[in-house]
Amino acid sequence: MKIEDTDQQEKIEEYPDAWWYRVYFAVIITTIVVIAALGYFSYYFSN
Amino acid sequence: MYLLDWIIVAAYLVYVIWDGIKRTKGSENIEGFFLANRSLPWWAVGLSVMATQMSAITLVGTTGQAYSDGMRFLQFYYGLPLAMVILCVTVVPFFYRANVFTAYEYLEKRFDAKTRSLTSFFFLLSRGLGVGVIIAAPAVILSIILGWSEIITIFVIGLTTTVYTMFGGVQAVTWTDVKQMVLIIIGLGVCLFIILSNFPADVSLSDGLFLAGASGKLTTIETSFDLTEKYTIWSGTIAALFLFLAYFGCDQSQVQRFLTAKSVSQGRTSLLMSAFLKIPMQFFILLIGIFVFIFYQFQAPPMIFNEVEANKAIKANSVQYSQLEEKYKQIHTTRSEAAVEFVRAKKQSDEIQLAKAKEDYLKANQNFNDTRKEATEFVKTTNKNKSFTDVNYVFPTFVLAQMPMGIIGLIIAAIFAAAMSSISSELNALATATTLDFYRRHFKKNGTDADYVKFGRIATFAWGIFACIVAIYATNLGSLIEVVNKFGSFFYGSLLGVFVLAIVVKRARARGAFFGLLFGIASVWIASNYTNIEFLWFNVVGCLVTVSVGYLISLTVKEDKQ
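Those sequence lines, one after another, are chains A and B.
Residue 36 in the working numbering sits at position 36 of the first sequence, with consecutive numbering throughout.
Residue 299 in the working numbering sits at position 299 of the second sequence, with consecutive numbering throughout.
Hints in this document: simulated from the structure, not taken from any laboratory.
For each residue, glycine too, the CB sits at the ideal point set by N, CA and C.
Any given hint might turn out to be false.
Beta-carbon label-pair distances, calculated as ranges [to be verified]: (1) B/N99 <-> A/V34: 31 to 39 Å; (2) A/D17 <-> B/L146: 13 to 21 Å; (3) A/F41 <-> B/I151: 37 to 45 Å.
Start from the sequences and build out the full structure, keeping to the hints where you can.
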């Protein structure tokens, strides 16, 4: 049982760099969209 | 506070201490006590990262800041997602694969022991002081609610957190952080809902937001490039980017979070969780302050939210205080009428009427602000308290006065949770750096795991006491959230500079990093004393000077010791 647990721990998946670059791109795009939405929110209720 | 509120707060405190202490089991060895055997899932680490960053100051200070200054503070977080991406690419794999316990340990592998000790020392100095401020914020609230002295309140909060951190180590810190974060989210959600339901019947959410917008409270993007302006999109995306890179990448209290993750991927995911959630979450916290502002358009707020200081001023000069209060009430009534008129005009869509109503409202609001400022100045001079500020008292006073039974207890427990989640991570990190960067490195190189865990527990206790003492002096330092960021900005840029030299600049050498750091901190000191640059930009100054000086000095060093 202990050996199985150890094996499971060792098999932790590491995603490839290409996958991470897509995630980073998604983070940046989401941030830009969120900031733009906040800017619109501010503009809409201030005018 | 009602009996039910007391029961909720007491139940929370008892549970969190019990939950923390029961984690002692997995913390007998050094890897378990300081890194949870690198076994934690990404979501637990991610919530812990967020809980560590969101202290009680975030709840109390930010809501108060939104009430008085609007949402401009939100811009401070715009650089955070990019900072997280940069850290995921750079330090997360570097630190994780280097198999280090502290961020500064990596610097010894890259440079030398001297650089490791110096950076760790500056971390201990800045965070030791910073954690004191983090304790001070909830102590300010509780001292009002419980009628205790601030000193007693500080020691109750500080020592409670110290106890479970001391016994349970990083496991206790992380798992209590997870539960505390859930409690904070529930508390905030309930708070938001109740304020909304307390709006007058004929004032909708959008009516309220139009009022806040008209008075300039909803500004989320300020484009002026002015280094003396505190919160602009530039200070948020450039200067704060440096601060976040330093805080999440070089501050042991955060680095230790992702070092406990199961793998590099899980460490990265835990940081990206903040990248996605931090701005929306901060928006909702600020929105609470805005809602409090809208609420007080229709109900008279206290002239001075800090009851203790208000009573002192009344004792000293009750005649003038009463006159001011009378004037304040009249002006509030005028503003309230103008607000109702503005909302009505908005609904009727008559442009001319709306423009006039808006002008009247803005004028009434300006008069109201001027009178409040006059009252604040009066309290300052009467009580001879130059550093008096009302910002941190807005939210707690509102909660006590307006929230129903049970909800007060829930929100107070959430403020406790926010405070304790940050304090515990900081104490754990301070103890880790003290034990591993100094005790094990310089004084007891061949000790057993039991020696280091025992010393780690003693260090946690000692830092807990030190932080409480600092907190006693920190309660009157102005807006507490800014105080913490200012503390950080003084050292963070230069610490970041050393890590940039270590990871990015291949030609960098130990001597360059060491003296670069000293020059960086000196440059921030000069900038803070001889310029009007806002504190966020100190991070940029410190980092650039450290990297430049470090690089130039490295060029003069011939040996290639890496």
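Results for each hint:
1. B/N99 <-> A/V34: 31 to 39 Å: For A/V34 against B/N99, whose Cβ atoms are near 36 Å apart, the range 31 to 39 Å holds.
2. A/D17 <-> B/L146: 13 to 21 Å: This hint is violated: roughly 53 Å between Cβ atoms.
3. A/F41 <-> B/I151: 37 to 45 Å: At 43 Å between Cβs, range holds.
Consistency with the previously given hints fails for number 2 only.
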